[in-house]
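Heads up: the sequence lines are chains A and B, in that order. First residue of the first sequence? That's 0 in numbering that gives the first Met the number 0, and the numbers climb one at a time after it. First residue of the second sequence? That's 0 in numbering that gives the first Met the number 0, and the numbers climb one at a time after it.
Everything labelled a hint here was simulated from the structure, so no lab data went into it. Source: prediction; values computed, not measured. Think of the CB as a built atom: it goes at the ideal place given N, C-alpha and C, for glycine as much as any other residue. Wrong hints could be hidden among the right ones.
Stated by the list, open to error - Just a few of them, taken from the derived set where beta-carbon distance is under 7 Å, the chain A residues facing chain B:
{"id": "1", "residue": "Asn48"}
{"id": "2", "residue": "Phe65"}
{"id": "3", "residue": "Ala66"}
{"id": "4", "residue": "Leu67"}
{"id": "5", "residue": "Lys275"}
{"id": "6", "residue": "Ile276"}
{"id": "7", "residue": "Cys297"}
{"id": "8", "residue": "Thr318"}
Unchecked claim - Derived EDC-like pairs: lysine to aspartate or glutamate, alpha-carbon spacing no greater than 20 Å straight-line:
{"id": "9", "chain 1": "B", "residue 1": "Lys22", "chain 2": "B", "residue 2": "Glu166"}
{"id": "10", "chain 1": "B", "residue 1": "Lys22", "chain 2": "A", "residue 2": "Asp35"}
{"id": "11", "chain 1": "A", "residue 1": "Lys198", "chain 2": "A", "residue 2": "Asp35"}
{"id": "12", "chain 1": "A", "residue 1": "Lys22", "chain 2": "B", "residue 2": "Asp35"}
{"id": "13", "chain 1": "A", "residue 1": "Lys198", "chain 2": "A", "residue 2": "Asp173"}
Unchecked claim - A few chain A residues that face chain B, going by a derived Cβ cut-off under 7 Å, partial list only:
{"id": "14", "residue": "Tyr118"}
{"id": "15", "residue": "Ile122"}
{"id": "16", "residue": "Trp271"}
{"id": "17", "residue": "Gly308"}
There are 2 protein chains.
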Amino acid sequence: MPGNPSGLTWDLIQEARERIAGKVSVTPVLTSTTLDARAGARLYFKCENFQKCGAFKARGATNAVFALSESQARRGVATHSSGNHAAALARAARLRGIPAYIVMPHNTVQTKRDAVRRYGGEITYCESTLAAREDSARQLIAATGAILVHPYDDLAVMAGQATLAVELLTQVPDLDLILCPVGGGGLLSGTAVAAKTLKPAIRVIGVEPAGADDAARSLRAGRILPSLNPDTIADGLRSALGERPFAEIRRRVDDITTVSDESIVRAMRQLWEVMKIIVEPSGAVPYAALLAERPELCGLRIGVVLSGGNLDLERLPWTPGAPAP
Amino acid sequence: MPGNPSGLTWDLIQEARERIAGKVSVTPVLTSTTLDARAGARLYFKCENFQKCGAFKARGATNAVFALSESQARRGVATHSSGNHAAALARAARLRGIPAYIVMPHNTVQTKRDAVRRYGGEITYCESTLAAREDSARQLIAATGAILVHPYDDLAVMAGQATLAVELLTQVPDLDLILCPVGGGGLLSGTAVAAKTLKPAIRVIGVEPAGADDAARSLRAGRILPSLNPDTIADGLRSALGERPFAEIRRRVDDITTVSDESIVRAMRQLWEVMKIIVEPSGAVPYAALLAERPELCGLRIGVVLSGGNLDLERLPWTPGAPAP
Numbered sequence: 000m001p002g003n004p005s006g007l008t009w010d011l012i013q014e015a016r017e018r019i020a021g022k023v024s025v026t027p028v029l030t031s032t033t034l035d036a037r038a039g040a041r042l043y044f045k046c047e048n049f050q051k052c053g054a055f056k057a058r059g060a061t062n063a064v065f066a067l068s069e070s071q072a073r074r075g076v077a078t079h080s081s082g083n084h085a086a087a088l089a090r091a092a093r094l095r096g097i098p099a100y101i102v103m104p105h106n107t108v109q110t111k112r113d114a115v116r117r118y119g120g121e122i123t124y125c126e127s128t129l130a131a132r133e134d135s136a137r138q139l140i141a142a143t144g145a146i147l148v149h150p151y152d153d154l155a156v157m158a159g160q161a162t163l164a165v166e167l168l169t170q171v172p173d174l175d176l177i178l179c180p181v182g183g184g185g186l187l188s189g190t191a192v193a194a195k196t197l198k199p200a201i202r203v204i205g206v207e208p209a210g211a212d213d214a215a216r217s218l219r220a221g222r223i224l225p226s227l228n229p230d231t232i233a234d235g236l237r238s239a240l241g242e243r244p245f246a247e248i249r250r251r252v253d254d255i256t257t258v259s260d261e262s263i264v265r266a267m268r269q270l271w272e273v274m275k276i277i278v279e280p281s282g283a284v285p286y287a288a289l290l291a292e293r294p295e296l297c298g299l300r301i302g303v304v305l306s307g308g309n310l311d312l313e314r315l316p317w318t319p320g321a322p323a324p
Numbered sequence: 000m001p002g003n004p005s006g007l008t009w010d011l012i013q014e015a016r017e018r019i020a021g022k023v024s025v026t027p028v029l030t031s032t033t034l035d036a037r038a039g040a041r042l043y044f045k046c047e048n049f050q051k052c053g054a055f056k057a058r059g060a061t062n063a064v065f066a067l068s069e070s071q072a073r074r075g076v077a078t079h080s081s082g083n084h085a086a087a088l089a090r091a092a093r094l095r096g097i098p099a100y101i102v103m104p105h106n107t108v109q110t111k112r113d114a115v116r117r118y119g120g121e122i123t124y125c126e127s128t129l130a131a132r133e134d135s136a137r138q139l140i141a142a143t144g145a146i147l148v149h150p151y152d153d154l155a156v157m158a159g160q161a162t163l164a165v166e167l168l169t170q171v172p173d174l175d176l177i178l179c180p181v182g183g184g185g186l187l188s189g190t191a192v193a194a195k196t197l198k199p200a201i202r203v204i205g206v207e208p209a210g211a212d213d214a215a216r217s218l219r220a221g222r223i224l225p226s227l228n229p230d231t232i233a234d235g236l237r238s239a240l241g242e243r244p245f246a247e248i249r250r251r252v253d254d255i256t257t258v259s260d261e262s263i264v265r266a267m268r269q270l271w272e273v274m275k276i277i278v279e280p281s282g283a284v285p286y287a288a289l290l291a292e293r294p295e296l297c298g299l300r301i302g303v304v305l306s307g308g309n310l311d312l313e314r315l316p317w318t319p320g321a322p323a324p
């Protein structure tokens, strides 16, 4: 598939699959007759909450780390991330035996900090703005010589995330539609390229929190609009849309729909109660899009990407003392 | 296998498998490298929290309801249960199109009451003692003519629960040991008969809350000792040991070990955090037995029965306002 605007080719995705095989999990697809009945569609939940490090980010980070040459790898890797990419990068670096330097916003949830430490990543804290993150990462790289592995605006990362859709379509070949969360766009762009290469007629729809809707607005505007004070419970999706991902999203994604924080919490709770699985707010975002009446989706076979399951179990959105949605 | 003291034969178990096929789920077996490393063993988690109604009880109740003759079935079914059996019986009765009358202790958790109502079961509340449950059930049966389906002291129920071990040993044939929770003994006795028929060398160990240890004491004494004021967070395991189950447990179960409520909560939390699955306190009991140092289990392949996943998500044992373990 030559001429992809981001440079993300089918070959890169295939290489990623081979490179990360055995280093990340093949995650199960779960179904629920109860949730099918509620949605009026056949739902295939791709459980990346069961992925290594508890999120799909293990795919992209592992691909990026193992794609480095020996001399690059020796310098170590660095990134800025709200959490899941950070843990995934720390884990991949440990697998390869190289250092990982992580810049994290100081308001990152405890579970995600602990995960980075568990894998031996070195954390530097910063303010939660994109500018502060990028600035801290630049300083860190200047000081250590480490290679930046951007959480989403990076071809190797996008190729790694794209393996999710290849795997899903191997498990459930006849999907009509994939619903995928969008933050920086790494997963959504990879999903769109992989899914539409394998199955040109499939639809791919991004789902984004209304409080961090820069991707939806950018898709409508035809150019990247800034992410202004993102405010959503879906902490993994506060990032600003990346250039490379947007190039694919613009070309291949059928639509981006937004969901309220209230519906994200309802979706999360339904997934916990009915499916007995732990999904973080960002991971519940695609299913939240199915809580509203959607006659156009009736009877379809829909892949729903549950992107991760990391959150503080003491601070659930429905227990006393937790942040209101 | 003639001469089983309870009357539970391999034929009854095979019939149960055929009878309930398609009416209950084949549940997945999940593994975790993190928990394997902590336990020093290979753990195969049998996820009955993903079963219909969220617990293994769907197996026994479905078998019992569909084993009834037409004329029996028309009278409806009745039971007393702390919850999961009740919901499972209500669901099975609805599948067969007959009424279900349920006696429940008034302190049953909300989630479990809701489940019974969702399936159309008619609830009568009673005190939480065994005597009060049995008395209410007797009155209800006298008034309605319904057939009692005891939650565990019933051959058809035991045969249904036994299908879990048959399924697990089909999925993971070379287990050395199965750890199984014990309350009334229906699951443990069925597991022991099925597993030891298929694989005579396998060990089956029951795990019981220390605050409801009548099965452990009864096994040591060689006769059923009463359950006195059971007090444990594992609400599904407060029931008194049944006669028929005990006959098999005494003959076939290698040991019954007890765990503290504190370790049950720790086990539950580890399963949630690491495996991203929702397991109720009773369901976490077998894994709780692996939190202590157990050099004798080192390197074994262990089936760990996660028996259910129903609990009030507002009242988690580690959030403010929840009951202390």
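Here's how the hints hold up against the structure:
1. Satisfaction of the interface hint for Asn48/A is found here, the shortest Cβ-Cβ separation to chain B being roughly 4 Å, below the 7 Å cut-off.
2. At a threshold of 7 Å, the smallest CB-CB gap from Phe65/A to chain B is about 18 Å, leaving the interface hint violated.
3. About 23 Å separates the beta-carbon of Ala66/A from the nearest beta-carbon of chain B, more than 7 Å, and the hint is not met.
4. Of the supplied interface hints, the one on Leu67/A is violated, with its beta-carbon coming no nearer than about 24 Å to a beta-carbon of chain B, more than 7 Å.
5. Nearest Cβ of chain B to the Cβ of Lys275/A: about 4 Å, under the 7 Å cut. The hint holds.
6. Checking Ile276/A against chain B by beta carbon gives a least distance of about 6 Å; that is within 7 Å, so the hint holds.
7. Taking 7 Å as the C-beta contact cut-off toward chain B, the hint placing Cys297/A at the interface is violated, the least distance being around 23 Å.
8. Given hint, Thr318/A at the interface with chain B, holds; its Cβ is 5 Å from that chain's nearest Cβ, closer than 7 Å.
9. As the CA atoms of Lys22/B and Glu166/B are separated by approximately 15 Å, the hinted pair is consistent with the 20 Å bound.
10. Between Lys22/B and Asp35/A the alpha-carbon distance is near 17 Å, which keeps this suggested pair within the 20 Å criterion.
11. Distance restraint check for Lys198/A and Asp35/A: the Cα-Cα separation of roughly 23 Å exceeds the 20 Å cut-off, and the hinted pair is therefore not satisfied.
12. Our distance criterion of 20 Å between C-alpha atoms is met by Lys22/A and Asp35/B, whose separation comes to about 17 Å.
13. Annotation: proposed proximity of Lys198/A to Asp173/A holds, straight-line Cα distance about 9 Å (limit 20 Å).
14. Hint status for Tyr118/A relative to chain B: violated, with the closest Cβ pair at about 11 Å, above 7 Å.
15. The interface hint given for Ile122/A is violated, since its Cβ lies 20 Å from the closest Cβ of chain B, which is over the 7 Å cut-off.
16. A distance limit of 7 Å between C-beta atoms decides the matter here; for Trp271/A the minimum to chain B is near 6 Å, and the interface restraint holds.
17. With a cut of 7 Å, the hint placing Gly308/A at the interface with chain B holds, because the nearest CB-to-CB distance is about 4 Å.
Checked against the numbered hints given earlier, the structure breaks hints 2, 3, 4, 7, 11, 14 and 15 and satisfies all the rest.
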